[in-house]
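> Top to bottom, those sequences are chains L and S.
If you're matching positions, the first sequence starts at 1 in this note's numbering and goes up one per residue.
If you're matching positions, the second sequence starts at 1 in this note's numbering and goes up one per residue.
FYI, nobody ran anything at the bench for these hints, they're computed from the structure.
It cannot be assumed that every hint is accurate.
[What the hints assert, rightly or not] With a cut-off of at most 27 angstroms between alpha-carbon atoms, the simulated DSSO-like pairs for lysine-lysine come out as follows: (1) K34(S) - K41(L); (2) K66(L) - K25(S); (3) K5(S) - K110(L); (4) K113(L) - K3(L); (5) K25(S) - K37(L).
Below, each chain spelled out in residue letters.
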Amino acid sequence: MDKIICLGKNYADHAAEMKDAPVEKPLLFIKPPSVLKEIKKGNSIDLPWERGAIHFETEVVFKLYKKNIIAVGVGLDLTLRDLQKELKEKGHPWERAKTFKNSCLISELKSTKDFPLGWEKTPFSLLVNGEKRQEALFNQAIMRADEIIHYANENFPLCDGDLIFTGTPAGVGPLKSGDQLTLKFGPIDLSFGVI
Amino acid sequence: MDRYKTSHDILARIERLRIMHDLMKEKSFEDISKEEILTDLKTTCEELEELFLQLSDQ
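With the rest of the complex left out, here is chain S (with noise of 0.2 angstroms):
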């Protein structure tokens, strides 16, 4: 995997993140339940970690 898609995935990811804001913010919960976000937030943060460590190494 190259750094621009690294780059390009954890960028998404973080808009993930600020989508997951907006709907706990927003007490959004009819299409995604809360339980879901909670369980995506904990995945996308590990992502995240492993996403960092590979643009380092690149």
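Only chain L is shown next, with the shape it has when bound in the complex (with noise of 0.2 angstroms):
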């Protein structure tokens, strides 16, 4: 894998909910390998909560060969919101906010025919303790998969192996240490906690 390539404001209740103006398309950014985590059932996850709230946004993942889809799975885009708002507000680019050991976390990727009724029509959550906090489905997006590859490799040339975050739906918060997440998609169903 050479990148993680994250897409922002590619669901409309999303960009409401953080009083983000409209965009023509969504934005893009990307994460390095070394803060990713695959996560496997019962982990403990360490996050640095010393460096301010830490927001969970919830994301279809897809992993591309050929810049086809080869794979797809559920995956958690982790921000430091305030460092994250404080690097806006002075103007400065916001990677440092998302880009912290294990701030990209996902969940074993599986094949797209391990989702009968389609991965874009199959729905990903995420619960904290028990609790639904998003809820989405991919065809609710603003850019369809084919689109979001195509935008992809014009602003950062695929390689095979490459991830793709596609966005998340209405519904991000903080996490507190302690917290018990468990991440919903088709055959996933991963519990996990947080420290």
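Once you've looked at the hints, go ahead and assemble the two chains, each given alone in its own frame, into the complex.
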């Protein structure tokens, strides 16, 4: 894997909750593979609480080979929200708020054949301490998968094995140490903790 | 082409080989056919040989 490409503002309801100005196209940014962690059931994930509020953003993730989707899963794009706000206000790049250790969590990625309804039509969700906080279908995103691949490749030439985080729907919020999280997406039902 | 770019291109192809291995192992041919993977395997191995030679000359 060369990089992780992430979309911002790819769900209209999330852009609205962030009170962000409308954009013509979703935003793009990248994360390095060094901040990626594949979560296993029962893991306890260390996060840098001393750096301020850490917000979860639940997203469909796909893996590419020759610009084709070969596997799909669900992930959390974690954000240091206080730092991001501070950097935005100063007009600075905010990648530092997105690139801390374990800021990019993914489930096991599954073959598209493991989603009988089609992965685009299968709900993905995040529960925090048993309460559903985010749920959506990829079909509700502004940009379709083939458009995302084309758009991403125009800006960050794609390599085989690259991952794409496809944006988050409404419902993002802060985590706290000790929270128990469950990610669900078709055959994926993954519970873990953050400490 | 500098040696950093050549090295990156080599590692990218090794990653491609690993993905091809996984697709074959899982018999996952829904999105990429077996024939296409085998063709890509041949091409990738040829490219790797060329890139390794380039790297040794840089």
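> For K66(L) and K25(S), compute the direct alpha-carbon distance and say whether it is at most 27 angstroms.
holds (18 angstroms)
> Run the distance test for K113(L) versus K3(L): straight-line Cα separation, threshold 27 angstroms.
holds (25 angstroms)
> Are K5(S) and K110(L) close enough, with their CA atoms no more than 27 angstroms apart?
violated (32 angstroms)
> For K34(S) and K41(L), compute the direct alpha-carbon distance and say whether it is at most 27 angstroms.
Cα-Cα ~32 angstroms, so violated.
> For a C-alpha distance cap of 27 angstroms, please report whether K25(S) and K37(L) respect it.
Since the Cα atoms of K25(S) and K37(L) sit roughly 23 angstroms apart, the hinted pair holds (cutoff 27 angstroms).
Checked against the numbered hints given earlier, this structure breaks hints 1, 3; the rest are met.
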